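Undergrad: Here is what each chain is made of, one letter per residue.
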Amino acid sequence: MPQPPIYLDHAATTPVRPEVIEAMLPYFGAKFGNSSSTHRWGREARAATDAARERIGACLGANPDEICLTSGGTEADNLAVLGGWRVQRGSGRNAVVTTPIEHKAVLASAHQAAKEGGDERLLDVDATGVVSLESARTHLRPDVAIASVMWVNNETGVIQPIEELVALAKNVGAVFHTDAVQAFGKIVIDAKLTPFDLCSVSGHKFGAPKGIGAVFVRRGTALAPLFFGGTQDRGRRPGTENVPMAIALATAMELTLREKDAECARLLALRDRLEAALLERVPDAVVHGRGAPRAPHMLSLSVPGTDSESMLIALDLQGVACSSGSACQSGSVTASHVLNAMGVPPELGSAAVRMSVGKLTTDEHIDRVVALFPALIAKARSMAGRF
Amino acid sequence: MTAKARVLVAMSGGVDSSVAAALLVRQGYDVVGVTMKLFEDGSELPDRPCCSLDSTSDARRVAELLGIPHYVLNMVDHFSRDVIADFVAEYARGRTPIPCVRCNTFTKFSDLVAKADGIDAQYVATGHYARAIDGELHRGLDDNKDQTYFLWGINRLVLKRLMLPVGTMTKPETRALARELELPRVADKPESQEICFVPDGDYVKILRRELGDAAPALSPGRIVTMDGRDVGEHGGFARYTIGQRRGLPGGSGDPLYVVALRPETREVVVGPREALLGTRVAASGINWLVETPPLAGDEVQVRIRHRAPLAPAVVEQVDDGEVSLSLLSPVSAISPGQSAVFYDGTRVLGGGFID
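Listed in order, the protein sequences are those of chains X and A. Position 115 (the first sequence) corresponds to 115 in our numbering; numbering is contiguous. Position 325 (the second sequence) corresponds to 325 in our numbering; numbering is contiguous.
Please keep in mind that the hints were generated in silico from the structure rather than gathered at the bench. The reader is advised that the hints may include incorrect statements.
Only pairs whose alpha carbons sit at most 25 Å apart, straight line, appear in this in silico SDA-like list of lysine to any residue [claimed, not checked]:
hint: 1; chain 1: X; residue 1: 379; chain 2: A; residue 2: 111
hint: 2; chain 1: A; residue 1: 4; chain 2: X; residue 2: 210
hint: 3; chain 1: X; residue 1: 210; chain 2: A; residue 2: 286
hint: 4; chain 1: X; residue 1: 379; chain 2: A; residue 2: 219
hint: 5; chain 1: X; residue 1: 260; chain 2: X; residue 2: 273
hint: 6; chain 1: A; residue 1: 205; chain 2: A; residue 2: 327
hint: 7; chain 1: A; residue 1: 4; chain 2: X; residue 2: 382
hint: 8; chain 1: A; residue 1: 160; chain 2: A; residue 2: 286
hint: 9; chain 1: X; residue 1: 192; chain 2: X; residue 2: 348
hint: 10; chain 1: X; residue 1: 379; chain 2: A; residue 2: 57
hint: 11; chain 1: X; residue 1: 379; chain 2: A; residue 2: 3
In this text the structure is predicted, and so the values were computed from the model without any measurement.
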């Protein structure tokens, strides 16, 4: 009887929490109304959406009107970066400043702004994956419309110096966006403490379903909408509001924050034990972002003489689900733009395996992965050069 | 319970490899499905290097139905180097390449075998219409579908590890089995005839991309008759292949055929149909698939084009990696770059590239 498989890919997505499913269910059934309608069904839906918005806001230190609900992290990032740039077009602020380690949702938005005539600038990143403040000082000038830097990198888990970057952006009057998709629930995100203007989150990273996200929009921050047609969400995001998903996001955020300190301590212990044990058994393994502050749930490592694709397949065949960080739609493994930007040599970058612990991870999982890892590495290395 | 041997099966999403995978699952093997990603799909969108190829999705759905793991292997770099680059270089040299041969030789039955080793798969399976019997390669039972013409270049040692489950079936039988197994989408898929990385058949587009419009192979040149008469202009010799009629000046007299390409002078040589006939085949880059290759004086059958009938021939000379044969009766359009594959009945002896 084979042992049950191990899910070490919480940075990719997480299971929907039972409490979240329960909270959503009435809004697929009796409470099915459209929150724009005048009648009782509409009022019921409106009240639920407003309450959800308020709860989501509270989780981010924000007012309800500062929460814009989206279809997920990608839309949130697109709306923030592209919408934030487009609305300032022609105002003398034409530059969009971001980093080469962003999620493609941000990078592609910046590229799109450049195609539309914007001036795209990428900040430098050091070898541990931290954005250079020196480079930020150089590039953040009064012509910057929007700067966007992720809070936690989705491949390495490295935490970026958001406080300092926000201050630099504010100094030149630029709007500051942070992609907090990997950060929510792992570090403190509070709009009252940190003066970012825009901040994206994605529900399925912490127990809500795929298909719901939000962007915090500080009062006074203008965005050009991506969609057209309705007045929902103050016209920022037209489209019939997704009532059950709004409730799912609110519920998942509250649960996550309630458990945050204990869960982060647990994850950190699991991750650190995994990292130490793997390094002990494979001493030449390289942990990306080591030495930089890192979120507690992620471990990205490369073993010289192996490749990500073969490692992921071998791990999966042994029942261990990991990721290479950047999978494309077909599921094939492609080179990591993040590790490349950090100056990781290609042969090492192409060997990266991302393990992310979370809700499902237990001590026993870590033991099992550690136990099977050396043999996998030995096998992979014996194959080196064969392909 | 003894662990069943692991088989890595290459699944393209088509009916043949889907049925191959299904048959192996039915036989109780530990089957792992893979789809090779060989080139970027939609590379005209620079921000979207992704590959939501329908065929990959079909393979994944079949694997899911069969309850086997399925992975996409990124083999873009190697395929580009081993197959596409050679394809382009061959046209530039005035030859007519068969990329499928090199794909089988390098990609499927070398790189993929290395991947199989990496996951401790003892066997590698594909949906080819051919049979691997006792470490030798035989033609598939369906004469209409036999694909051994493309398989002569593979490492002989791989044959012992090769499983070709549909090689004993006819295509209609394969389709019927796909329907019976209710494999999603694949049973009635049309046959793929084109080269996979030239889906619209316009290989000149690939040559332009790789060589540039100004390349000699794509530059205008003269069309001349065998006795040196200039009969017109062409738009690049790489657009022509031996035996071709299309794209030649018409008019009075007998129809003209391309009988030779002269890359050094960029000339396309034309002549009457009879000029295409030949009785001598010289091939190089020979690979043998049998322990005892034929010797000078032995009689074999040779195929010089996919689906061409087997032609009886006598081996004239066997040198290091080179073979010349004399055909017992003339055949048409023996084209440099195509394969010459040698048979003894159903058994594939080996093959090479026609010079």
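Undergrad: Next step is simple, just say for each hint if it's right about the structure.
TA: Hint check results:
With a CA separation close to 17 Å, the supplied pair residue 379 of chain X and residue 111 of chain A stays within the 25 Å bound. For the proposed pair residue 4 of chain A and residue 210 of chain X, the alpha carbon gap of about 38 Å is over 25 Å, so the pair is violated. For the hint linking residue 210 of chain X to residue 286 of chain A, the alpha-carbon distance of about 55 Å lies beyond 25 Å, and the restraint is violated. Proximity of residue 379 of chain X to residue 219 of chain A is assessed by CA-CA distance (about 51 Å); at most 25 Å being required, the pair is judged violated.
Distance restraint check for residue 260 of chain X and residue 273 of chain X: the Cα-Cα separation of roughly 20 Å lies within the 25 Å cut-off, and the hinted pair is therefore satisfied. Among the hinted pairs, residue 205 of chain A with residue 327 of chain A is inconsistent with the structure: their alpha-carbon atoms are about 36 Å apart, more than 25 Å. The hinted pair formed by residue 4 of chain A and residue 382 of chain X meets the criterion: a straight-line CA distance of about 23 Å does not exceed 25 Å. Straight-line distance between C-alpha atoms of residue 160 of chain A and residue 286 of chain A comes to about 20 Å, which keeps the hinted pair within the 25 Å bound.
Distance restraint check for residue 192 of chain X and residue 348 of chain X: the Cα-Cα separation of roughly 41 Å exceeds the 25 Å cut-off, and the hinted pair is therefore not satisfied. For the hint pairing residue 379 of chain X with residue 57 of chain A, the CA-to-CA distance comes to about 30 Å; that exceeds 25 Å, so the pair is violated. Restraint check for residue 379 of chain X and residue 3 of chain A: the C-alpha separation of about 19 Å stays at or below 25 Å, so the hint holds.
Of the numbered hints listed earlier, those contradicted by the structure are 2, 3, 4, 6, 9 and 10.
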